[in-house]
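Asks: Put together the whole structure using the sequences plus the hints.
First residue of the sequence shown? That's 1 in the UniProt record's numbering, and the numbers climb one at a time after it.
It should be emphasised that the hints constitute simulated quantities derived from the structure, not laboratory data. Just so you know, nobody snuck in bad clues.
The following label-pair restraints were derived from C-beta to C-beta distances:
id: 1; residue 1: R173; residue 2: G68; range: 32 to 42 Å
id: 2; residue 1: S111; residue 2: H223; range: 24 to 34 Å
id: 3; residue 1: H223; residue 2: A166; range: 17 to 27 Å
id: 4; residue 1: E100; residue 2: F165; range: 33 to 43 Å
id: 5; residue 1: E196; residue 2: E308; range: 15 to 25 Å
id: 6; residue 1: K230; residue 2: S111; range: 29 to 39 Å
id: 7; residue 1: K220; residue 2: H253; range: 18 to 28 Å
id: 8; residue 1: S169; residue 2: S264; range: 15 to 25 Å
Derived pair list, reagent style SDA-like, types lysine to any residue, alpha-carbon separation capped at 20 Å:
id: 9; residue 1: K225; residue 2: L202
id: 10; residue 1: K225; residue 2: K317
id: 11; residue 1: K167; residue 2: T53
id: 12; residue 1: K52; residue 2: Y316
id: 13; residue 1: K71; residue 2: F127
id: 14; residue 1: K230; residue 2: C314
id: 15; residue 1: K140; residue 2: E154
id: 16; residue 1: K220; residue 2: E194
id: 17; residue 1: K317; residue 2: P266
id: 18; residue 1: K71; residue 2: Y33
id: 19; residue 1: K109; residue 2: D137
id: 20; residue 1: K168; residue 2: L221
id: 21; residue 1: K161; residue 2: E200
id: 22; residue 1: K86; residue 2: F110
Given the structure is predicted, the values throughout are model-derived calculations rather than measurements. We treat Cβ as the ideally placed atom computed from N, Cα and C, and that holds for glycine.
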Amino acid sequence: MASQINHQGSTFEKKKPDQEPLPSKIAQTTVTYIYQANIGRCWRNVSMTWCKTLMSHTLHLTIDSTIGKLKYTCKIDVKPWSFWSKKGYKSLDVDGHEVEVYWDVRSAKFSDGCPEPTGDYYVAFVFDDEVPLLVGDLKKKAYKRTKSKPASIEAMQVVKKENVFAKKSFVTRAMLNTEKTTVAATMARTKTKESEVIVESLMSSGVNEPEMSIYIEGVKLIHVKNLQWKFRGNETVMVNNNEKAVQVYWDVHDWLFSGSDDSSGPGVFTFKPGFAEAEESDMSDRESYDNEYGNSSVYYSTRNAPSEFCLILCAYKLD
Numbered sequence: 001m002a003s004q005i006n007h008q009g010s011t012f013e014k015k016k017p018d019q020e021p022l023p024s025k026i027a028q029t030t031v032t033y034i035y036q037a038n039i040g041r042c043w044r045n046v047s048m049t050w051c052k053t054l055m056s057h058t059l060h061l062t063i064d065s066t067i068g069k070l071k072y073t074c075k076i077d078v079k080p081w082s083f084w085s086k087k088g089y090k091s092l093d094v095d096g097h098e099v100e101v102y103w104d105v106r107s108a109k110f111s112d113g114c115p116e117p118t119g120d121y122y123v124a125f126v127f128d129d130e131v132p133l134l135v136g137d138l139k140k141k142a143y144k145r146t147k148s149k150p151a152s153i154e155a156m157q158v159v160k161k162e163n164v165f166a167k168k169s170f171v172t173r174a175m176l177n178t179e180k181t182t183v184a185a186t187m188a189r190t191k192t193k194e195s196e197v198i199v200e201s202l203m204s205s206g207v208n209e210p211e212m213s214i215y216i217e218g219v220k221l222i223h224v225k226n227l228q229w230k231f232r233g234n235e236t237v238m239v240n241n242n243e244k245a246v247q248v249y250w251d252v253h254d255w256l257f258s259g260s261d262d263s264s265g266p267g268v269f270t271f272k273p274g275f276a277e278a279e280e281s282d283m284s285d286r287e288s289y290d291n292e293y294g295n296s297s298v299y300y301s302t303r304n305a306p307s308e309f310c311l312i313l314c315a316y317k318l319d
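Replies: Written out as C-alpha cells, the structure reads:
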C-alpha cells in the first residue's frame with residue numbers, strides 16, 4: 001500500500017509506475033524535464049513536471065528507486081490560494097537513504113501560457129550535505145537555506161518533453177547545439193541561446209495533400225509532402241552554421257487517422273543532438289580514409305558526438 005504524507009502544500013507518495021497519473025490533453029499543459037543525478041550513492045532518474053490548468057499550477061517530482069520499479073513522487077502547489085505553501089521542505093526515505101527536497105517559488109516568474117518558471121525560484125535535492133540536483137536561478141539562496149555544498153558529481157539533463165496545443169504552428173525551445181547538457185550549464189543559459197523549434201502543419205480541407213515543415217532557428221530544414229503516406233519518418237539535419245547535427249524523428253499518425261474527438265493523440269517529434277550510430281560509423285570510416293590518403297575534409301568541423309539529451313514535442317491539434 002502506498003504511503004502518503006502531506007506537508008506545506010505538497011504530497012509525497014511511494015507507488016508503482018502504473019499508478020502514476022498521466023497528463024490529460026484537455027486538463028493541462030505540461031513540460032517535463034528528466035535528469036540523471038547521483039542520489040543515494042547511485043545514479044537515478046529524477047523527473048520534474050510543471051502542469052498548468054485554468055484552476056491550478058503544480059509541480060510533480062519523481063525519484064526513481066533502484067529496488068524494483070518503485071517511484072518516489074511529490075506534488076507541489078506552485079500557485080495555490082495560500083501564499084505560504086509556495087516555499088517548503090520535505091524529507092523522504094529513498095531506498096533507505098534520507099533525501100531532502102527544498103523549494104521556493106514565491107517570487108517565480110512565468111511567461112504567458114508557459115507552465116514552467118523563467119526565473120526567481122529554486123528546487124533543490126539534498127543528500128549527505130550535498131546538492132546533487134538544483135534547478136532554478138536562485139542558487140545562493142538555495143545553498144544558504146540547505147546549508148549544503150554543490151555535489152562533486154554534476155547532474156545531467158537528459159530529456160525535455162513538452163505538450164503544445166495549436167491549430168497550425170507548434171513552438172518550443174531547447175539546447176540542440178551541444179553534446180552534453182548539464183543542469184548548471186542549462187540554468188546559466190538564457191532563452192536567446194536556446195534553439196527555437198517550430199513544427200508547422202498544413203492540413204486544412206483546402207489543401208490537396210497534407211504537408212508538414214520543421215524549422216530550427218527560423219530555417220526550414222525538413223519539408224514533408226504527401227504526409228498521409230509519410231506520417232512516420234526521420235532525417236538528420238545540420239544546425240549552428242552547419243556545424244552540429246540533429247536527428248529528427250516524427251510520428252503524426254494520430255493527426256491523420258484518429259479523428260477530431262478529444263481522445264485523439266498528438267503528433268510526436270523527437271530531436272536528438274548528434275549523428276545516429278550508423279552515421280557516426282560512416283563518418284569515422286571516412287575520416288580514417290582521409291587521414292590515410294591525405295585528403296582532409298570538412299567532416300572534422302561538422303562531426304558531433306552522440307548526445308544523451310533529447311527534446312520530445314507532443315503537438316496537439318486544436319480544431
